[in-house]
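Colleague: Taking the hints into account, I'd like the entire structure generated from these sequences.
Protein chains in written order, with our numbering: chain A, 1 to 263; chain Y, 1 to 263; chain R, 1 to 263.
It should be emphasised that the hints constitute simulated quantities derived from the structure, not laboratory data. Heads up, the beta-carbon is just placed ideally off N, CA and C, and yes, glycines get one too. Check the hints yourself; a few may be wrong.
Listed next, the stretches of chain A that the computed footprint assigns to chain Y, with coverage defined by at least 3 CB atoms under 8 Å from CB atoms of chain Y [unchecked claim]:
| hint | segment |
| --- | --- |
| 1 | 32-43 |
| 2 | 77-90 |
| 3 | 176-184 |
Beyond 10 Å from chain Y on every Cβ pair, some chain R residues (computed) [said to hold, decoys possible]:
| hint | residue |
| --- | --- |
| 4 | F8 |
| 5 | I13 |
| 6 | E17 |
| 7 | D128 |
| 8 | T144 |
| 9 | D145 |
| 10 | S157 |
| 11 | L211 |
| 12 | S241 |
| 13 | T250 |
| 14 | L255 |
| 15 | K258 |
What follows is a list of derived Cβ distance ranges for each label pair [said to hold, decoys possible]:
| hint | chain 1 | residue 1 | chain 2 | residue 2 | range |
| --- | --- | --- | --- | --- | --- |
| 16 | R | N247 | Y | C139 | 48 to 58 Å |
| 17 | Y | D59 | R | Q55 | 34 to 44 Å |
| 18 | A | T111 | R | G205 | 28 to 38 Å |
| 19 | Y | Q55 | R | M155 | 30 to 40 Å |
| 20 | Y | S222 | A | S244 | 49 to 59 Å |
| 21 | A | R210 | Y | L257 | 48 to 58 Å |
| 22 | A | E100 | Y | V120 | 19 to 29 Å |
Each chain is listed here by its residues.
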Amino acid sequence: MITLTTDFGLTDIYVGEMKGVIFQINPHARIVDITHSIPPQDLFAAAFQIDAVYQYFPDRSIHIIVVDPGVGSQRRSIVCQTAKATFVCPDNGICTKIFEREELIRTIEITNLDFCLPQVSHTFHGRDIFAPVAAHISCGVSLTDLGPEISNITMLSIPQPEIAEDRIIGEIIWIDHFGNAITNVLVETLKSTSFYTNLTIQVAGMKIDRLSRFYNESDIGSTLALVNSSGNIEIAVNQGSASSTLNIKTGEKILFLKTPPPK
Amino acid sequence: MITLTTDFGLTDIYVGEMKGVIFQINPHARIVDITHSIPPQDLFAAAFQIDAVYQYFPDRSIHIIVVDPGVGSQRRSIVCQTAKATFVCPDNGICTKIFEREELIRTIEITNLDFCLPQVSHTFHGRDIFAPVAAHISCGVSLTDLGPEISNITMLSIPQPEIAEDRIIGEIIWIDHFGNAITNVLVETLKSTSFYTNLTIQVAGMKIDRLSRFYNESDIGSTLALVNSSGNIEIAVNQGSASSTLNIKTGEKILFLKTPPPK
Amino acid sequence: MITLTTDFGLTDIYVGEMKGVIFQINPHARIVDITHSIPPQDLFAAAFQIDAVYQYFPDRSIHIIVVDPGVGSQRRSIVCQTAKATFVCPDNGICTKIFEREELIRTIEITNLDFCLPQVSHTFHGRDIFAPVAAHISCGVSLTDLGPEISNITMLSIPQPEIAEDRIIGEIIWIDHFGNAITNVLVETLKSTSFYTNLTIQVAGMKIDRLSRFYNESDIGSTLALVNSSGNIEIAVNQGSASSTLNIKTGEKILFLKTPPPK
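Modeller: In structure tokens form, the structure reads like this:
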């Protein structure tokens, strides 16, 4: 199984070209679109999204990830293997979150042009390198045939929440289709630091004094905080858009204050 | 064959997560996206759309439909079987139009967590319940293993046209990608009430005095009424957008007046 | 393999209906979406897009292309066969670029209703004619069973660059998802006319004095011209949108001036 995660959008033929290339090499390939709506050149968004989704795919899936502002320059093309999956992507840190979670078994720099298209352009390695390489891997080509093993890869410096005794300062990292504002603060962090049951949240001039369990727990139009389906704390408006109601944007800070437990 | 109809959009990984879950359970599943662009939480739109499309799919297809403002609350998760297909969805009336058309053979409340993901979140039953249940059904799991049969399900009160001797008052129920304004008045209704050949249509301050057969029958830019591909009366602008030209929105009324037959 | 290229968008069920129809006829069909975001009724955009992408698909793929302002009128429905692929589409010139590139082996007018849906609407031949015909072809139905061979088909008059001794006047033909402005001037043309290494480009009030090899060759935010992945000259802004930065739109002229070679 080959999945595709890109910032190519769906108005062009770029994704179609990649699929055509894959099917030319492996007519029996199963291709699944994860998303093509990563904001253009946004490596951080891509790193969060692929990390949240790849765990739900079958073992040994091959994930092509192309958010690639450096295409055509000296940046390397790589294949990374973990116990769970194989990732085919530019070496620009796009898999940082995954490699914080899972051990890297092997990383290969793609240098063997035999597994790329005959003409490699300077502007579209998704079609010319990543798609054909992934297709060849799905046909059983050994990673070691693709190029030399390398030991250093590019990692992003992902913004982490600041955790103090009485407060956690996090950040909005993604606004979803519904306008839900997703933070980089995990429920696990709130639990391990005893904020979980005793907190006040401050964001966008609002105070929220508890975590809801689900959207419809409050009235329609209410602002609430809850644990989203990936374990991140999320600010939502029941049947509305937190992003437009509260004017929240990616990068905005969010403050969690520990409150005294009720007596 | 498993189809997906949701309000999740395509900018997030939600649809990708559902597909990953399905493939983990049934690696040979065939998954078809119907649409992920149902307006958020719009049960009426979902009810109309799934009703119009499911008939075109092979018999015994499994349709996952997730527009789910009540996720995590007490609303039930159900599987509904008709002679034509199986529907896996929240019990919120989303299949109302289908069950007006086709007899319900069996409805099951999903209570057996063995067929759900190990951890069921309060915010994403599409991934945690509906996707795995549909995948298990596609593998041959019997509906009766999923939970108890139930006899009452939630139905929406779908707005019907008001039909009088000399007039029919309908409503715009959907604006499509081209800006065509689709009404809840069926051509069959116009025929059975003898409006079909003798009518004047009033909508958005316009009068239209006949039904066209196809878009290009009039000049480019002309406003026209015709029978759309689902049998609904539709207001269109040839090679333009009726919605933006006439400023028509969903919910707007449309009046059909019976005119005297020509002598 | 059956591909789909349309102007139907993804908010409606139109694409889903086509897929359902195909699977009813050929349950083993492989369907690939190329794009459904051709601008409504834009035959020129469709002609450029399908020409750029079809070459990347396996031989003998069946391409359904539906941009069809004349649906329901006298315009014919056709099947065109080349050495590389089969095209199922309205006879409105949508394949013009392909037939400039490749010889047409055979063109059939679809007249045999046995291979269409039982009821053919006047507004949606994608579902009622093109999808079922393509599905039947994928099952092995002979083209000659679909209708009579015809010898004349509609061709578009595609705008060509004006080439003079010292200048080439081209045109922006597509703005992609990233805001890159793609021209109808091919790198091959610049090479064969000796503009390639000695040129100044004028577009949208800007002067660009060389072709870059890749986006990241200049500073972030720089305007540049390069050869895109289809061989067309493209105006881009590194990690930005040329379209919004320079306010470039489709149809805008672009001037290539030959400069004296450096001494």
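Colleague: Hint by hint, say whether it matches the structure.
Modeller: Results for each hint:
{"no.": "1", "hint": "32-43", "result": "holds (count 6)"}
{"no.": "2", "hint": "77-90", "result": "violated (count 0)"}
{"no.": "3", "hint": "176-184", "result": "holds (count 3)"}
{"no.": "4", "hint": "F8", "result": "violated (6 Å)"}
{"no.": "5", "hint": "I13", "result": "violated (4 Å)"}
{"no.": "6", "hint": "E17", "result": "violated (5 Å)"}
{"no.": "7", "hint": "D128", "result": "violated (8 Å)"}
{"no.": "8", "hint": "T144", "result": "holds (28 Å)"}
{"no.": "9", "hint": "D145", "result": "holds (23 Å)"}
{"no.": "10", "hint": "S157", "result": "holds (18 Å)"}
{"no.": "11", "hint": "L211", "result": "holds (34 Å)"}
{"no.": "12", "hint": "S241", "result": "holds (18 Å)"}
{"no.": "13", "hint": "T250", "result": "holds (17 Å)"}
{"no.": "14", "hint": "L255", "result": "holds (32 Å)"}
{"no.": "15", "hint": "K258", "result": "holds (40 Å)"}
{"no.": "16", "hint": "N247/R - C139/Y: 48 to 58 Å", "result": "holds (55 Å)"}
{"no.": "17", "hint": "D59/Y - Q55/R: 34 to 44 Å", "result": "holds (37 Å)"}
{"no.": "18", "hint": "T111/A - G205/R: 28 to 38 Å", "result": "violated (43 Å)"}
{"no.": "19", "hint": "Q55/Y - M155/R: 30 to 40 Å", "result": "holds (38 Å)"}
{"no.": "20", "hint": "S222/Y - S244/A: 49 to 59 Å", "result": "violated (37 Å)"}
{"no.": "21", "hint": "R210/A - L257/Y: 48 to 58 Å", "result": "holds (56 Å)"}
{"no.": "22", "hint": "E100/A - V120/Y: 19 to 29 Å", "result": "holds (26 Å)"}
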